[in-house]
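J.: Chain H is fixed; fit chain G onto it per the hints.
One line per chain: the protein sequences are H and G, in this order.
Yeah, the first sequence ends on 631 if you go by our numbering, and it's all consecutive.
Yeah, the second sequence ends on 302 if you go by our numbering, and it's all consecutive.
Keep in mind the hints are simulated off the structure, nothing from the lab.
Warning: the hint list may mix true and false statements.
[As the list claims (entries may be wrong)] Straight-line distance between alpha carbons at most 30 Å, and here's what the computed BS3-like set of lysine-lysine pairs gives:
1) H:K415 x G:K1
2) G:K287 x G:K224
3) G:K191 x H:K558
[Unchecked claim] Some chain H residues near chain G, calculated using beta-carbon distances under 10 Å:
4) P337
5) D339
6) D341
7) D446
8) F529
9) W602
10) M618
11) V620
What you are looking at is a predicted structure, and each value in this text was computed from that prediction instead of being measured.
Glycine is no exception: its CB is placed at the ideal position from the N, C-alpha and C atoms.
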Amino acid sequence: MLFDSFQFLFFFLAVTTLYFVLPFRVRWFLLLISSCYFYMAFVPIYILILIFTIIIDYFAGIFIEGASGAKRKFFLICSLVANIGVLSFFKYYNFLSQNLNFLFHSFGLTTSVPYLQILLPIGLSFHTFQAMSYTIEVYRGHEAAEKNFGIYSLYVMFYPQLVAGPIERPQNLLHQFRTKYPFDYDRIADGLKMILWGFFKKIVIADRLAIYVNATYNHPQEHTGLTLTLATFFFAFQIYCDFSGYSDIAIGSAKVMGFKLMTNFNRPYFAKNISEFWKRWHISLSTWFRDYLYISLGGNRVAVPRWYFNLFIVFLISGLWHGANWTYVLWGAINGFYLVFAIITHQLRSKLDKLTGLNKNPKLHKAFNIIITFLLSCFAWIFFRANNIDDAFLIIKKVFTFKGPLFIQNPSMVIYSFTGIFILLFVDMKKEYYKGSFSFFNHQNWWVRNLSYATLVIIILLMGVFDGGQFIYFQF
Amino acid sequence: MFMITPENKTTNDVLKFFLKLLLLLVMIKAIDMAIGSVLRHFYFRQSSGLEYRTTYSMEKTTADLIVLGSSRANHHYPPDVFEKKLNLSFYNAGRDGEHIFYHYAVLKSMLKRYTPKVVLLDFNNAELIQGKEKYDRISSLLPYYKTHEEIRTLIELKSPYEKLKLFSSIYPFNSDLFTIAIGNTEANKNRDPDFKGYVPLSRKWKEAIQQNNGAGNTAIDTVQVNIYKAFINDCLSRKIKLYVICSPYFIQFTNVDSSLIIAKNIAAQNHVPFLDYSGDTSFTKHPELFDDPSHLNADGAKIFANKLADEINKSEK
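The following block holds chain H by itself, in its conformation from the complex:
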């Protein structure tokens, strides 16, 4: 069930109403059943995979808590192997077989690894990581093992964040299922506003930009450098609005019922360097990798070369987490390289700032850093969006020649795209730099506030992409 569907709208209304009407003691059960239904709306049979890992992790948590020494570690390893095993099989098996077969073929071997017709279960990477954070936290002694199987299942399956995060930690979420949240006007209104803003980002901006991006990135050989540059710029906003829009809807849906999920995006394109970008982008994943991988590898409390290696490997794995394709691996590698390079050149860049006088003008310096960081992230996005490595390099080659006419099949399409980006930047800039100043959306006057939200709904109706019909003519 997709968030931007009428099916979800009815589901959300029904579940939320029932949630407040039912007695507190059965609310968790309602949420569990609803989450099962939500998940099964995609591919019903795949719920068995989820149940399998839930059972393993539930007992692993209890066993870890009850054990000590090597046994404790053994149970943690069992849980991690089960989770990573399921993830590897469904997400990476065919990628591995494809690459092994390529290698065998290159060496003239006739051996081949079979290709399996398997479909990736929806949100597998998200709920697997959330489940792993539970057993790791129990192992570290930061969280008590959950004894109620239903509550633990709900922790893994809570529908707002089940398929696309935020990837929660047990310390934040588990206890909330035992907290009674009353019907609170302000909280519910805030949650609904978040959902509306998420819909705006997804339907008005992301889906609109996707039309141009898909038309050009799916046929890069037919498009000019200028067109592909614009498409890359559009993709940067498409991926941001798509993902953060989804997160807003998830966080807002949970908030309506009283649950506080972690912030997942914090206006990443205002970051002044790549390190800051990753503190603002997909925060729940970045912190997951920091807490469970980077620190486990020694973090920065190791020799300098090892520190660089830790950073690089974390981003390489992060790339692979996003998808079983070399494009994602390269995207991760580029981001890892950016970070290592930033550390190595830190002093040199400070000297350059002094030399050019940039450091004397903090506003200009900040703007310069924001633009450079944005451009660097755009370059990395080319690998993220390109259909394959060859396409990615072709796009880069064309982008750097920056030649040729701009592909504009339908001018109104481009006008809608820029209008959406402008509204987004206006709102984000306001939140980032002018927090205390005049606000339409949080104005004290109810009429001004609600007229602003009504306008947002009207813009969605006017400019939102409600079907893929508009794709067709772009492809010609």
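T.: Just chain G, lined up with the frame of chain H:
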């Protein structure tokens, strides 16, 4: 509702929430109706472009000969040839990117007003193959939902929630703001001119003929098949002379398209002529007659129209 919790704050919050939500919804509906009415007014005031031609086809034309179909219909059937050779008044109601849903909707609206003498339905390769995008394209009929009762069932095929979406007055004009604006200003003079609906293409194709083995999705959509059948039945019941035509391509189809076979069989069962020019060598050997592999240019369209008009004349005799 008040059983939610006995605390007064909660009760007050529930009342406050629903009251304010109601006010907000009323506000949204009022703005929606106001903007929707303005958009509707200006949509139907356009005097050029695709949308104008759809309105003209559905609400005004009384031509004897009507051409229906997608872009290939729109760019392949020039009026002068048919008017001269068949001695019939002519209108080309083909529209870019459309499918059988649109063709049938336009026909139904026409039949509500009058009965044309001849209908030429241009049939595309893979016309009856399944595809979500074909249903998405029904969106071009949304502005007519309110005033054209006869096509409502066709529009409702778009999605199970279409009726609900159409509760909004703006939704039928979604993504149409700038098109409507252009159609109502001087900018509409810059649009490609049409000649009784026909829009000629001017490029000359220079590349070698493309091969198409029909790979990909080949599943037939029974809904579209039924609409095609209904199209034929409606024409026959009103004694309209119907011709289904597959106009020329600059593509070599190595496998016969399954939807073409089905369409031909249905046409044959109903004694409707199906004229297939998709492999006609007088076109497939002449790239200069095409604008792109799927569309004839004005020169190609003229040759094709002459050939087709002669064929129609011959069959009439």
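J.: Which of the stated hints cannot be reconciled with the structure, identified by number in ascending sequence?
T.: 7 and 8
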